[in-house]
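Sequences and hints are given; from them, build the entire structure.
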Amino acid sequence: MASYSTNEFRAGLKVMLDGDPATIVENEFVKPGKGQAFNRTKLKNLKTGKTIERTFKSGDSLEAADIHEQEMQYLFSDGEEWHFMDPESFEQIMATKDAVGDSAQWLKEQDMCQVTLFNGAPIQVLPPNHVELKVVETDPGLRGDTATGGTKPATLETGAVVKVPLFIEEGEVLRCDTRTGEYLSRVKN
Amino acid sequence: MTDPEQVDWRPGASADTLRQRARLKRLLRETLDARDWLEIDAPVLIDSPDFEPNIALFRATLPDGTPAGSLHSSPELTMKRLLAACPDLPGAYYLGPVFRANEAGRRHNPEFTMLEWYDNGATLESAIATTLALIQSAREALGLSPAPVERQDYGALFRRHGALDPYHADTDTLAQAAAHHGIDVADPADMARDDWLDLLMSLVIEPRLDPAALTVVTGYPASQAAMARLETGSFEGQAITTAARFEVYGGGLELANGYHELVDPDEQARRLDSAGSRQPSPSQQRFLAALVHGLPECSGVAMGVDRLLMWLTGAEDIDAVLPFSARRV
Chain S
1 MASYSTNEFR AGLKVMLDGD PATIVENEFV KPGKGQAFNR TKLKNLKTGK TIERTFKSGD
61 SLEAADIHEQ EMQYLFSDGE EWHFMDPESF EQIMATKDAV GDSAQWLKEQ DMCQVTLFNG
121 APIQVLPPNH VELKVVETDP GLRGDTATGG TKPATLETGA VVKVPLFIEE GEVLRCDTRT
181 GEYLSRVKN
Chain R
190 MTDPEQVDWR PGASADTLRQ RARLKRLLRE TLDARDWLEI DAPVLIDSPD FEPNIALFRA
250 TLPDGTPAGS LHSSPELTMK RLLAACPDLP GAYYLGPVFR ANEAGRRHNP EFTMLEWYDN
310 GATLESAIAT TLALIQSARE ALGLSPAPVE RQDYGALFRR HGALDPYHAD TDTLAQAAAH
370 HGIDVADPAD MARDDWLDLL MSLVIEPRLD PAALTVVTGY PASQAAMARL ETGSFEGQAI
430 TTAARFEVYG GGLELANGYH ELVDPDEQAR RLDSAGSRQP SPSQQRFLAA LVHGLPECSG
490 VAMGVDRLLM WLTGAEDIDA VLPFSARRV
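Protein sequence lines, in the order shown, are assigned to chains S and R. Oh and the first sequence: position 185 is 185 in our numbering, straight run, nothing missing. Oh and the second sequence: position 139 is 328 in our numbering, straight run, nothing missing.
Careful, some of the hints might be misleading.
Said to hold, decoys possible - Stretches of chain R that chain S covers, calculated by requiring three or more beta carbons in the stretch to come under 8 Å of a beta carbon on chain S:
hint	segment
1	290-296
2	372-379
3	390-403
Simulated from the structure, these hints should not be mistaken for laboratory data. Backbone N, C-alpha and C fix where the C-beta goes; we use that ideal spot for every residue, glycine too.
Okay, here's the thing in structure tokens:
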């Protein structure tokens, strides 16, 4: 595997750190005029999502991580394993609970997801930014009440719970933002 | 072809900053010329001196691949030879580009503008006064009021912010101080004593210098003397050997570095040896020969003109004070 010297460090670079794949979030070059140069680097562990800071002597290097990101279609899950398919090769892969994490609550069969692969295995799954999901459970709607601005929780077909206006009823399809977990609008049939 | 609308072809510096830059360079020249100092066209293309362990040079090659020297990282050797040959000059300066490979970041561009001068007969204190006066007059030229000046001792700074004695602390103590400040070093075994001192200076002390002031730091350890002479100083009542060296910071930004220059050829040759220079290169031999002939007692100061402009304009990134930084050429 190739390696990157500190000269090549830049945000977005994928490297191996302490045995785990990580992405460089921030890299700052510091050096007293006559003194030793250092790279003060923030890295995000791609398995745990934790960000740490590490200082390298300039000229040090890190092994490159075999990471790539791919659009894949979500097929189904049994609650333990999540299955995805590459829409071009039709190759199927399986992601664990750890890799899917909180994204599971937004995953709807057939939706296209952003899957991060490390050495060919999924380590992170991101749902589409916007999804359209059916309400399966919520308190009865207050018909005609579109003005008071109150909210109530609604459970969606994939398991996510979002705050919705009081007039929303079970069976309606809602457009939501998966990054913020917020309700955006009703989808008219 | 890339969409021209998407190509960032413009300079990093605004038209206003470019005007300030031109005014600053004019002021520096006028001030030094008024002292009857000579501006010297030091050669940019030199042979490879390898004087500075922490500075990497850009290597030049001929079209057929034959090595053809390096781009200078400072005009120090040629300027000192010139002064040795012309001992009646009151002073000499170089204002132009210098090159340092692999130095790129918010505060570094691999090619930058250096003002470097040699003040014939000047002591270190006199060189500090000249440096501060030059910076204050640059502030005035750009319509700024004079900055307050603070004097700080290297040892006292490490005692205050690192709770240690930088002249005697061992690497374990220095490593603990770094860890105490949340600095996680990737390969501590690869860190020499001076590496730890540089790390603590850059990441702990510099950010804690008075942001509004010009801070002059003196009392550098003898191991960081480079081409400065050594002198006897004291730390907490104990006599120590220090470098006759100062640094000027604008806020936490290193602006200038000065030495009471080493003129002893034997001591200079010993330092070259211990810096790992096997056989002195032809340009090092010429430099040593000039010292044997006699370099007048003098002080030398190197000032980063781009850094100075960053500090004067409040720029966070050196790209904003350069017409075209390395990111844009």
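For the segment 372-379 of chain R, does the count of residues with a C-beta closer than 8 Å to a C-beta of chain S reach 3? holds (count 6)
8 Å C-beta criterion, at least three residues: is the segment 390-403 of chain R covered by chain S: holds (count 3)
Closer than 8 Å, Cβ to Cβ, for at least three residues: run that test on the segment 290-296 of chain R against chain S and report holds or violated. Result for this restraint: holds, n = 6.
The structure shown violates none of the earlier numbered hints.
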